[in-house]
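Student: As they're listed, the protein sequences go chains A and B.
The first sequence runs 1 to 217 under my numbering.
The second sequence runs 218 to 514 under my numbering.
Because the hints were derived from the structure by calculation, they are not lab data.
Because the structure is a prediction, the values reported are computed rather than measured.
Be aware that one or more of the hints could be misleading.
Claimed, not checked - Beyond 12 angstroms from chain A on every Cβ pair, some chain B residues (computed):
(1) 220
(2) 221
(3) 227
(4) 391
(5) 428
(6) 431
To be verified - Straight-line C-alpha distance at most 25 angstroms; calculated DMTMM-like pairs for lysine to aspartate or glutamate:
(7) A/72 <-> B/421
(8) A/72 <-> B/418
(9) A/72 <-> B/313
(10) A/112 <-> A/98
(11) A/72 <-> B/430
(12) A/124 <-> A/87
(13) B/285 <-> B/313
(14) A/72 <-> A/93
(15) A/124 <-> A/16
(16) B/302 <-> B/354
(17) A/112 <-> A/87
(18) A/112 <-> B/313
(19) A/204 <-> A/93
(20) A/124 <-> A/52
(21) A/124 <-> A/29
All C-beta atoms, glycine included, are put in the ideal place defined by N, C-alpha and C.
One-letter residues, chain by chain:
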Amino acid sequence: MITFSQVTKRYPGGHEALSEASFTIATGEMVAVTGPSGAGKSTLLKLIAGIERPTSGSVVVDGQNIGRLSRKAMPYWRRTLGLVFQDARLLYDRNCFENVMLPLRISGMPVKEAARRARAALDKVGLLDRERAMPMTLSGGEQQRLAIARAIVNRPSILLADEPTGNLDADYAELLLDMLAAFSRAGVTLVIATHEPRLIERLKPRVLTLRAGRVQP
Amino acid sequence: MKNWFAQQRAALAHTLVRLGATPFATGLTVLVIGVALTLPASLYLVLTNVARLANHVSSTPEITLFLKEGTTQSQELARTLRARKDLARVRFVSRDEALRGLSGRAGVADVVATLGRNPLPDAFVLTPRDTTPAALEALRAELARLPGVARATLDAAWAQRLAAWLALGRDFVLLLAGLMATALVAVSFNTIRLQVLAQREEIELSRLLGATDAFVRRPFLYLGTLQGLLGALLAWLLLAGGLVFLGGRVDALAAAYGAAFRLEGLGWREAGLLLGLSATLGWLGAWLATTQQLRRL
Chain A
1 MITFSQVTKR
11 YPGGHEALSE
21 ASFTIATGEM
31 VAVTGPSGAG
41 KSTLLKLIAG
51 IERPTSGSVV
61 VDGQNIGRLS
71 RKAMPYWRRT
81 LGLVFQDARL
91 LYDRNCFENV
101 MLPLRISGMP
111 VKEAARRARA
121 ALDKVGLLDR
131 ERAMPMTLSG
141 GEQQRLAIAR
151 AIVNRPSILL
161 ADEPTGNLDA
171 DYAELLLDML
181 AAFSRAGVTL
191 VIATHEPRLI
201 ERLKPRVLTL
211 RAGRVQP
Chain B
218 MKNWFAQQRA
228 ALAHTLVRLG
238 ATPFATGLTV
248 LVIGVALTLP
258 ASLYLVLTNV
268 ARLANHVSST
278 PEITLFLKEG
288 TTQSQELART
298 LRARKDLARV
308 RFVSRDEALR
318 GLSGRAGVAD
328 VVATLGRNPL
338 PDAFVLTPRD
348 TTPAALEALR
358 AELARLPGVA
368 RATLDAAWAQ
378 RLAAWLALGR
388 DFVLLLAGLM
398 ATALVAVSFN
408 TIRLQVLAQR
418 EEIELSRLLG
428 ATDAFVRRPF
438 LYLGTLQGLL
448 GALLAWLLLA
458 GGLVFLGGRV
468 DALAAAYGAA
478 FRLEGLGWRE
488 AGLLLGLSAT
498 LGWLGAWLAT
508 TQQLRRL
């Protein structure tokens, strides 16, 4: 369970990205965070991932206060998450397989087991036959799918996705939405920042609307 | 534990790939480290060789008493000297013996042959127990006044001076080594810092995916250590090459002096120390660079 209590995030320079936001996301729930750009969607995701810390208020996930996690504890928290960034953020100096292996190498999984899992993740996003390909040679949609494979390879309980369909054409976006729906059915908590009406129509998530940093009733 | 080893191995493999990917930059860094190490190491070699050469000649001070020509007191003098507690050794060198010794030396034999008669006096060669300069000088003055003694000289004063020079040289080598060690850490620091900056994106992503500082740092530590190690290996090769280059000349020079002397290179222990020290310093530079950079990223 993710609980935001009176969370305010003010960036250096005074811009207030999130103002006294309070809400709860249940385990296994699918939530779409919507609102115009600059409304604080990305900030909300970053607060859950511990990439940013709240200026005031608390973000508590399953009893852990994320804003208060020590530098030492943070890596272990991140390993329980799946992160999909707006831009795929792949490593372009290594092939698809190695990109998906990265989280498993980081968590120190034995290579054999890790390779098996990486192939399973690649299979799930339909890129198993491209495992030796370099990310540069993939289309935008394939790159985004690769990023999703990397996000799910460590079997996260929470998947955070920032505009996952951002710069995809319709066909790819459809495929991606199906994938997200499948994760949700498998019990993964999904928090998706999006301003894509198609996503909401299709996945029918609970919608959390932000406007100028405030959660709309 | 097995997993820990696997992770170390993975980091090392990662490092080797990176090293291989930038052979030119790596080569230059290794060259700088190698040259920086060669300077104090070669000076150290010069010193140890000079010290070894100096050890061929005795550096324990001796006092030589030259007796008056035709003195009859040599027997009595010998007894007096042997009775003294402050002398470790008393050796009588007769004038004939001295002449024979002299004719044996290269270059002097011809001169000796032209002499009509033996010009050398009888002598006592004494080894004092107390070798502090002041005590030696006092003893020499006292012995010079003994009856039948023409002159007392203190040998090996030059050897002591040489020893002092060598000690100075050793301190200089230490100083130079300290400076070069600092330079090595700086070189390692800078190359690793640049590497960290070049890998910035990968590091940031890795941290988002849950990489600990230790995980991020590991390949860079290996890189620094490996650069230090390769630099030391290069220095070792440079020294060995220099030795081969100079060895011929030294042999010729030693032969000209009728001496048996060969240049000696680094021993296994010294070479091990060089490699170990350089690897440690490379590691230290990498550690400092990653600590500084990780705090910033």
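Student: All hints, please: hold or fail.
Tutor: Hints, one by one, checked against the model:
Residue placement check: residue 220 of chain B does not keep its beta carbon more than 12 angstroms from all beta carbons of chain A (closest about 6 angstroms). Chain A draws residue 221 of chain B into its interface by the beta-carbon criterion, the shortest separation being 8 angstroms against a cut-off of 12 angstroms. Not every Cβ of chain A is farther than 12 angstroms from the Cβ of residue 227 of chain B; the closest lies at roughly 7 angstroms, contradicting the non-interface assignment. The non-interface label for residue 391 of chain B is consistent with chain A: the shortest C-beta to C-beta separation is roughly 40 angstroms, beyond 12 angstroms.
Residue placement check: residue 428 of chain B does not keep its beta carbon more than 12 angstroms from all beta carbons of chain A (closest about 5 angstroms). The non-interface label for residue 431 of chain B is inconsistent with chain A: the shortest C-beta to C-beta separation is roughly 9 angstroms, within 12 angstroms. Restraint check for residue 72 of chain A and residue 421 of chain B: satisfied, since their Cα atoms lie roughly 16 angstroms apart, inside the 25 angstroms limit. Taken as a hint, the residue 72 of chain A and residue 418 of chain B pair is honoured in the structure, with Cα atoms around 21 angstroms apart against an allowance of 25 angstroms.
A hinted pair counts as satisfied when its Cα atoms are at most 25 angstroms apart, and residue 72 of chain A with residue 313 of chain B does not qualify at roughly 86 angstroms. A hinted pair counts as satisfied when its Cα atoms are at most 25 angstroms apart, and residue 112 of chain A with residue 98 of chain A qualifies at roughly 13 angstroms. Proximity of residue 72 of chain A to residue 430 of chain B is assessed by CA-CA distance (about 8 angstroms); at most 25 angstroms being required, the pair is judged to hold. The hinted pair formed by residue 124 of chain A and residue 87 of chain A meets the criterion: a straight-line CA distance of about 20 angstroms does not exceed 25 angstroms.
For a cut-off of 25 angstroms, the pair hint linking residue 285 of chain B to residue 313 of chain B stands: about 15 angstroms separates their Cα positions. Taking the CA atoms of residue 72 of chain A and residue 93 of chain A, the gap is about 28 angstroms. The hint is violated against a cut of 25 angstroms. Using a Cα cut-off of 25 angstroms, the hinted pair residue 124 of chain A and residue 16 of chain A is violated, with the two alpha carbons roughly 39 angstroms apart. Between residue 302 of chain B and residue 354 of chain B the CA atoms are separated by roughly 17 angstroms; this keeps the pair inside 25 angstroms, and the hint holds.
Distance hint between residue 112 of chain A and residue 87 of chain A is unfulfilled; the C-alpha atoms sit about 30 angstroms from each other, more than 25 angstroms. A hinted pair counts as satisfied when its Cα atoms are at most 25 angstroms apart, and residue 112 of chain A with residue 313 of chain B does not qualify at roughly 88 angstroms. As the CA atoms of residue 204 of chain A and residue 93 of chain A are separated by approximately 38 angstroms, the hinted pair breaks the 25 angstroms bound. Simply put, residue 124 of chain A and residue 52 of chain A have alpha-carbon atoms about 31 angstroms apart, too far for the 25 angstroms limit, and the pair is violated.
Using a Cα cut-off of 25 angstroms, the hinted pair residue 124 of chain A and residue 29 of chain A holds, with the two alpha carbons roughly 21 angstroms apart.
Of the numbered hints stated above, those contradicted by the structure are hints 1, 2, 3, 5, 6, 9, 14, 15, 17, 18, 19, 20, listed in ascending order.
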